Amino acid sequence: MDVLLQAIVNGILLGGFYALMGMGQNIIFGVMKIVNFCHGEMLMVGMYLTYMLYTYAGIDPYLALPLVAIIMFLLGAVIQHTLITPSLKTKSFTNLLFLTVGLGLLLSNGALVLFGSDYKSIRTSYSQTNIMLGPVSVALPKLISFLVLIVVTIALFTFLKYSTTGKQIRAVSQNPVGAEVCGINVRRIYLLTYGLGVALAGIAGCLLTQFYSIYPTAGASFGFRALIVVVVGGLGSIPGAFFAGILLGLLEQMSALFISPSYSDMIVFITFIVILVVRQLLIMRRK
Amino acid sequence: MLKVENLNAGYGSVNILWDVSMELNDGEVVAVLGSNGAGKTTMVRAITGMIRPTSGSIVFNGEELCKKPSRYILDAGIVQVPEGRQLFTEMTVLENLQMGAFSKETKEHFQENLEKCYKWFPKLEERAKQAAGTLSGGEQQMVAVARALIGMPKLLILDEPSLGLAPNIVDDILNVAKTLAKESNISVLLVEQDITKALAAADRGYVIENGHVALSGTADELAANEHVKKAYLGI
Ligand SMILES: Nc1ncnc2c1ncn2[C@@H]1O[C@H](COP(=O)(O)OP(=O)(O)OP(=O)(O)O)[C@@H](O)[C@H]1O
Ligand SMILES: [Mg+2]
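Those protein sequences? They're chains E and H, same order as listed.
Residues in the first sequence are numbered from 1 upward in steps of one, following this note's numbering.
Residues in the second sequence are numbered from 288 upward in steps of one, following this note's numbering.
Just so you know, the hints here were simulated from the structure itself, not pulled from any lab data.
Predicted, not measured: the structure shown is a model, and the values here were computed from it.
A couple of the hints might just be wrong.
Stated by the list, open to error - Each computed SDA-like pair below joins lysine to any residue, with the alpha-carbon atoms no more than 25 Å apart: (1) Lys484/H <-> Thr505/H; (2) Lys167/E <-> Ser308/H; (3) Lys161/E <-> Thr421/H; (4) Lys89/E <-> Val463/H; (5) Lys410/H <-> Val463/H; (6) Lys394/H <-> Lys406/H; (7) Lys120/E <-> Leu106/E; (8) Lys161/E <-> Glu412/H; (9) Lys290/H <-> Tyr359/H; (10) Lys391/H <-> Ser163/E; (11) Lys167/E <-> Asn295/H; (12) Lys167/E <-> Lys394/H; (13) Lys287/E <-> Thr421/H; (14) Lys354/H <-> Ile338/H; (15) Lys33/E <-> Arg358/H; (16) Lys89/E <-> Leu105/E; (17) Lys167/E <-> His396/H; (18) Lys416/H <-> Phe157/E; (19) Lys516/H <-> Gly299/H; (20) Lys89/E <-> Lys355/H; (21) Lys394/H <-> Ala415/H; (22) Lys91/E <-> Glu402/H; (23) Lys441/H <-> Glu377/H; (24) Lys89/E <-> Asn295/H; (25) Lys91/E <-> Gly299/H; (26) Lys410/H <-> Arg358/H; (27) Lys469/H <-> Asp458/H.
Claimed, not checked - Over the 12 Å line for every Cβ pair with chain H, so calculated as not near, a few chain E residues: (28) Tyr54; (29) Tyr62; (30) Asn95; (31) Val101; (32) Ala139; (33) Ile144; (34) Cys182; (35) Leu257; (36) Ile267; (37) Phe269; (38) Ile270; (39) Gln280; (40) Leu282.
For each residue, glycine too, the CB sits at the ideal point set by N, CA and C.
The task is simple: from the sequences and hints, build the whole structure.
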C-alpha cells in the first residue's frame with residue numbers, strides 16, 4: 001500500500017515536468033501551428049545554464065530559476081525573430097520541421113562539444129533532504145518543483161485569460177487575420193509566445209537538475225512527452241496540459257511498479273497510440 | 288477624405304487590381320460593387336495595408352498611405368469589417384470588442400464606445416459573456432461591426448456584410464452604417480454583391496469588373512444604368 005502511495009506521489013511529481021513541457025509546446029503550437037521539435041533540447045539548455053550558474057557563479061539553482069527563465073525567454077525570442085518568423089512566411093511546414101529538428105541537433109551537439117558526454121549533476125545541501133507526507137517520503141526538491149509548477153500554471157492561465165497581451169495571444173491563435181485587422185502586432189506576439197514556451201522548458205530544466213543527471217540528450221524523452229501532453233490535453237488548453245502531464249507521470253510510475261520499469265517507455269507510447277486511434281474513431285463516428 | 292489613384296495590387300506576381308481610382312468624401316456612403324472574384328476584397332486589403340500595393344496612391348485626409356503597414360493605416364483611422372467577419376470565436380463577445388481597441392486613444396474611450404455599440408446592437412449586451420462562435424450569423428456580423436467601431440474609425444470599410452445573412456438583418460446593419468455616416472460623419476465604404484440593397488444605402492458607387500473600375504456614378508445613376516441592370520440586377 002505504501003509502495004503504491006509512493007508511486008502515486010512520484011508519478012504526480014514527475015508528471016509536473018511533463019505538464020510544464022506540455023504547456024510550453026501547447027502555447028507555441030496554439031499560436032503558430034508549428035511543432036517545436038527542439039523543445040526537449042531547450043530543457044537541456046536550461047539544465048546546463050543552471051549548472052553553469054551554480055558551478056561558476058555559485059548561484060543556488062532555486063535562486064537561479066528566474067534568471068534561467070529570463071535568459072531562456074531571450075534565447076527563444078532571438079530564435080523566433082531571426083529564424084522562425086522568416087520561415088513562417090514561406091508557409092512551408094517542412095521548412096519549419098527541418099528548422100526546429102536542426103536546431104535541436106545543433107543544441108545537443110553543441111552541448112556535447114562544450115561539456116562532453118559525461119553526466120553532470122548539481123548537489124546542494126538540501127538535494128538529499130526528504131520530507132515525510134504521511135507514510136510517503138518525498139525528496140524536498142521534487143516538492144519544491146511541484147509548487148513551482150502550480151504557481152507557473154496559475155500565473156500562465158491568469159495571464160492568458162485576463163491580461164491584454166494574453167488576450168492578444170489567444171486572438172492570434174484563434175484568428176491571425178482577425179488579429180491583423182485589429183492592429184495586433186502579430187510578430188510581437190510570435191516573439192513573446194516562443195520566448196514564453198522556451199522559458200517554460202528552461203524552468204523545467206532548471207528544476208530538474210536537482211534529481212536528474214545533466215547530459216546532452218537529457219531533454220529528448222521530455223520533448224517527446226511534451227508532444228503527447230499536447231495531443232492528449234487538447235490544443236491551446238493550459239489546464240488540459242496540466243492534467244495530461246500529471247496523468248502521463250502517473251501512468252509511467254504505475255507501469256514501472258506493476259509491470260517493469262524497463263517497459264514504462266513502451267507502455268507510455270502504446271497508450272498514446274491507443275488514445276490517438278480511439279479519438280480518431282470517435283471523431284469518425286461523430287461524422 | 289479618401290482619394291485612391293491608379294492603384295495596382297495583387298498576390299505575388301499575379302496582378303489583380305489595375306489602375307483603380309476612386310474618391311470618398313466626408314460622411315458619404317460609397318458602394319463598391321462587383322461579382323465574385325472581381326477584386327473587391329483585394330482592393331480593401333490594399334487600402335488597409337494587409338497587402339502591399341505595387342503602385343499607385345492612397346491619400347487619406349492629406350496623408351499618403353500607400354505601402355504603409357496595416358497598423359499605421361489603422362492609426363490613421365481606416366478600420367475594416369473584414370470579409371467573413373474574422374472573429375475570435377472562442378473568446379467572449381466582450382473580449383472580441385476589447386481587441387478592437389488598438390491604440391491608447393481607443394483604449395481610453397473604450398467604455399463610452401462600448402455603450403454606443405450596445406445602443407446600436409442591444410443584442411450584444413445580452414450576449415457579452417458568450418463565446419462569439421456560439422452566436423448566430425447576424426449577431427456575429429454585429430460583433431464584427433461593433434469591434435470596428437471600438438476602433439473609432441474615420442473611414443469604415445464593410446466587406447460584404449450581407450454574406451449569408453437574412454434580409455432584415457442586412458437592412459439593420461446597413462441602416463447603422465448609413466446613420467453613422469450621416470450623424471457621426473464617418474465615411475463608409477460598402478463592398479457588396481447585393482447590389483439592390485447596397486445602392487439603396489449608398490450615395491454613390493463604383494462597379495469593379497476584372498480588377499478595373501468599369502462604371503461609377505451616383506446610386507440612382509447606377510441603379511438606372513442599362514449595363515448594371517443587365518449584368519447585375521437581371522432585369
Ligand atoms: N490570398 C490570395 N492569393 C492569391 N490570389 C488571391 C488571393 N485572394 C484572392 N485572390 C484572387 O484574386 C482575385 C480577386 O479576389 P477578391 O477576393 O478580391 O474578389 P472579390 O471581388 O472580393 O470576390 P467575392 O465577392 O467573392 O468576395 C480572385 O481571382 C482570387 O482568386
Ligand atoms: Mg470579397
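query = Honestly, which of those hints from before does the structure not fit?
reply = The structure breaks hints 2, 4, 11, 19, 22, 23, 26 and 34; every other hint is satisfied.
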